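Protein chains in written order, with the numbering used here: chain U, 1 to 337; chain G, 1 to 367; chain D, 1 to 329.
What the hints contain is simulated information worked out from the structure, not anything from laboratory work.
Result set (DSSO-like, lysine-lysine): computed pairs, CA atoms no more than 27 Å apart in a straight line:
| hint | chain 1 | residue 1 | chain 2 | residue 2 |
| --- | --- | --- | --- | --- |
| 1 | D | Lys253 | G | Lys135 |
| 2 | D | Lys254 | G | Lys284 |
| 3 | G | Lys138 | D | Lys254 |
In this text the structure is predicted, and so the values were computed from the model without any measurement.
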Amino acid sequence: MTSISPLLAPAKGVVSHDQPSAASALESLLAIRFFEEAVDGLFARGLMHGTMHLSIGQEAVATGVCAALRKTDFITSTHRGHSHCIAKGADLTRMMAELLAKQTGYCRGRGGSMHIADVETGNLGANGIVAGGIPIAAGAALAQKMKGNDNVVVSFFGDGATNEGAFHEAMNLAAIWDLPVIFVCENNKYGMSNSTEFSMRIENIAERAASYGFEGVTVDGNDVDEVFQAAAAAVEKARGGKGPTLIECVTYRHKGHSKSDKNLYRTKEEIEDWKTKDPIGRFEHKAIEAGALNQDQVDAITEKMRDAVRTAITEASSAPDSDPAELLASVYREAGK
Amino acid sequence: MARTALVMPKMSMTMTEGEVVEILVSIGDQVTAGQVVAVVGTDKTDMEVESDHSGTVLEIPAKHADVIEVGAPLIVLDTEGEDLLAGLFGDAPGGEAVTEEAPVAASPVVEEVAIEQEPEPALTSEVLAMPGARKLAKEQGIDLATVTASSQTGVIKQSDLGVLAKGAVSDDKKQKARLLTAKVVSTALNIPQFSLTKAVELSNPLPENSDSRTVVLLSAWSKTLEEIQSMNQQFVDGEFHEVSEVRAAVLTQTELGFVSPVIPLTGHWQDKAAAVLGDARNNKIALENLSGATTSLTDLSGFGISQANTLLFGSQSSGINIGNISLVGDVVTIDVTIVLDHRIADPGDGAKALDLFGRRLNEVLVG
Amino acid sequence: MTERIITYAEAIREAIGQAMETDENVFMLGEDIGIYGGAFGVSGDLYQRFGKERILDTPISELGIVGAAVGAALVGMKPIVEIQFSDFTAQAMDQIVNQAAKIHFMLGGELSVPMVLRAPSGSGTGAAAQHSQSLETWFAHVPGLKVVMPSSPYEAKGLLLAALDDPNPVIVLEHKLLYKTSGHVPEEQYRIPIGTSNKVRDGRALTIVASGVMVSRSLEAAETLSGMGIEVEVIDVRSLSPLDMAPINESVKKTGKVMLVQEAPKHVGFMAEVAARIAEGDALYHLTEPVRRLCGMDVPIPYAPQLEKSVVPQLDDIVAAAVEVNRGI
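In isolation and in its complexed conformation, chain U is listed as follows (with noise of 0.2 Å):
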């Protein structure tokens, strides 16, 4: 068992500016950038099978937007979902033993990379299908409504997946029901090969919240405090009843798709621009700059989160191999239960 201390929300509103905000952010950002280069090694080592989808230079949407949350807050997430999970407080140690395959991994071996969910921290699952997440998104909004307490959800998706039916159909429906939901588009401006110049006529996404008739904002996803202040901001709307919000969060994926891509779709200098951006080494220059962290407190946590995920491997890899046996009488959930 090993995941980071639960996100803390800045009191001053900035979250490189608070002390303890400021800490539990840069363990959010460390140990996803961690756990997910951990994967990547082990996956070029022959040790990890499948695939998986990395979000390395995307840690500060999760980040930011987790910042805003509560634990009992509901997520959507996505096939490239790690960051969600983490930044969300799931256990590095069952997210690791799922992609190696194991019995105590969060789906017990039959999910993998592209299918964690996290009852006890709210995530109701990463998805594979481009989408697939956000009408239930909405959807889980709606039960919190009929129940009437005032938790929210929020639903990551992609640039790629605002041009699926499901992303309009969820939107309206969040929006004529005034459902408590932030809808948090991750821009990394690359649906698979495919641009978003190349796949949309619209200069910025979150216009697309405009026809239905909701607010819609753009923010730096790089930047932790950006996407902080933006999602704190639709999370009080939303818990106060006043509907959804579509939050674009502009970043930048520093590897391929997936396993098989070749990055033959954009130049090496577009990769290096954006590495120079890289989310994290801004946060931590921003807190240090701040007086939130010194060198010392930044090397610290960097040690704890690459212990973290070095111990989460280890207990991992020493878990049984998830079992053929039960399942067939997985399937189905027995009633009463």
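Starting from the known structure of chain U, fit chains G and D onto it as the hints suggest.
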């Protein structure tokens, strides 16, 4: 500072090894994270390998044209930062390739199994029959080719077999069984055959138990056949053939009528005969006991029959029938009738055989 | 138990109403189920009784509303989605097949989707190719979904209440021609176990297996056949997933003859599965005649009444085919 291996990367879901196309650095070079240090070829394309780390090149275990497994080292760096995965899998940094078994199950090894040539099964396509009829025919040892379908389509159904599955009831079963017998024995018309009868004196009584009696009679008959070489033949398709294995069809009474399981009279057949006969009484006849009789034994001694001329059919070239047991004075006799294929034996052989059978039977009864 | 005669639609409405009274997490969503009362009048006065929050009228947005039902079910609600025509489930297939069916298994078993999806199915109303299909095999082929086809008002209420108890997604395909048919339905709540087949008529001559509207049509045919001296046994496959073969095999072993009746096109239809399962087991050896399927033609449902009737097994077709099977090859 730490030794960090840059390994042959897995670049697609199916990649297991790659060929070194080019190494772009030399020992002592400084490399930075993200720098292209080698080009490797996969089955699909050549791809650049970037260094994950900054550092100095210490060793280059790979060389041009080497085919290297995924995960094995290409280049070893002296790095500033520690490899995130260093030491977790028993891999000395920059040293040997990862030795621990991959946590993910490898593809199952398919063992090649030599497949023995099965004897060619009888073609089912020559006979149209419902599955239930096929199953019952198999259970009863009935050759479906000898059965006539009652329907116009020619499809044989269970009801056409004249025998019934266990537990089934029918009023006309005997009628059906007779029809079947008629079909089966019709091949007898093609065999020129004759019979001879003799009262054989018994020095000792036959066993009461029918299975024991069958074994005694078969023993005596098989010895007889062995000794008279000319009788141990078959005439098939216009040619004489030596009988390689004497196989006797033994008439056996069951609840549903008579069946004739075939017992091969080779090896320690005496030990197995009771089991075959017992199964037959329960309507179970194994495939190897279904057909191929070269001779037959019909023991009607319990039915007050003095003499029976059963017919040779199929592949049979001889048959022996046991009739009434009589007591004349203090001498016990049984009426024995043998039936022979005239093409392999003449009445002289037959007389010899009857005489020999009587002697062998008394020897067996004494023994 | 109080026995009353009510219609199939009324039986469904009664089940929904009773479930909503019993469990505050039950709610219904769908197109035109509010003041309109539902395209086939199933929701009727539920809107007046339970209000717009629990009888949630939706835009025309099948993918969105099924997705919303999946999401609500994931967090403890018990949604009943009405899809106006079962043909429109095609619009929502991702949420049904990739989400609802797989979440429990794929995500490791912690979550499940206790959703009921009801949809009017089948032909006979002159609604042509996009409003008349019998798509049960689509759903039955997906592990994780349960599929039922109520054949009478009694079945409709009992199966729907059982579906609402089930912690898994259940697809309830209601036949349009049955909505106005009547039958005895107890007023009390009762459940018909999902995953059971039901013998609805005894006979020795031949076994007829059917689902949905084909059950009542086969029973009607059975009366005609009885007049001809042919007593058929009729088995209602009320649950396609899970499928209960026991009463079917038992009946086939008794009669030795089986006719499988379905409205859907023959090719790769559900009754092919039933035939295969008969052939896989020892019931095969009891067959005295080949298995006979009487199915819809492999064509889209046409508009003209004479065309529509000709592509789907009608009463006379069932009688004629049964006589043939009974006479034998």
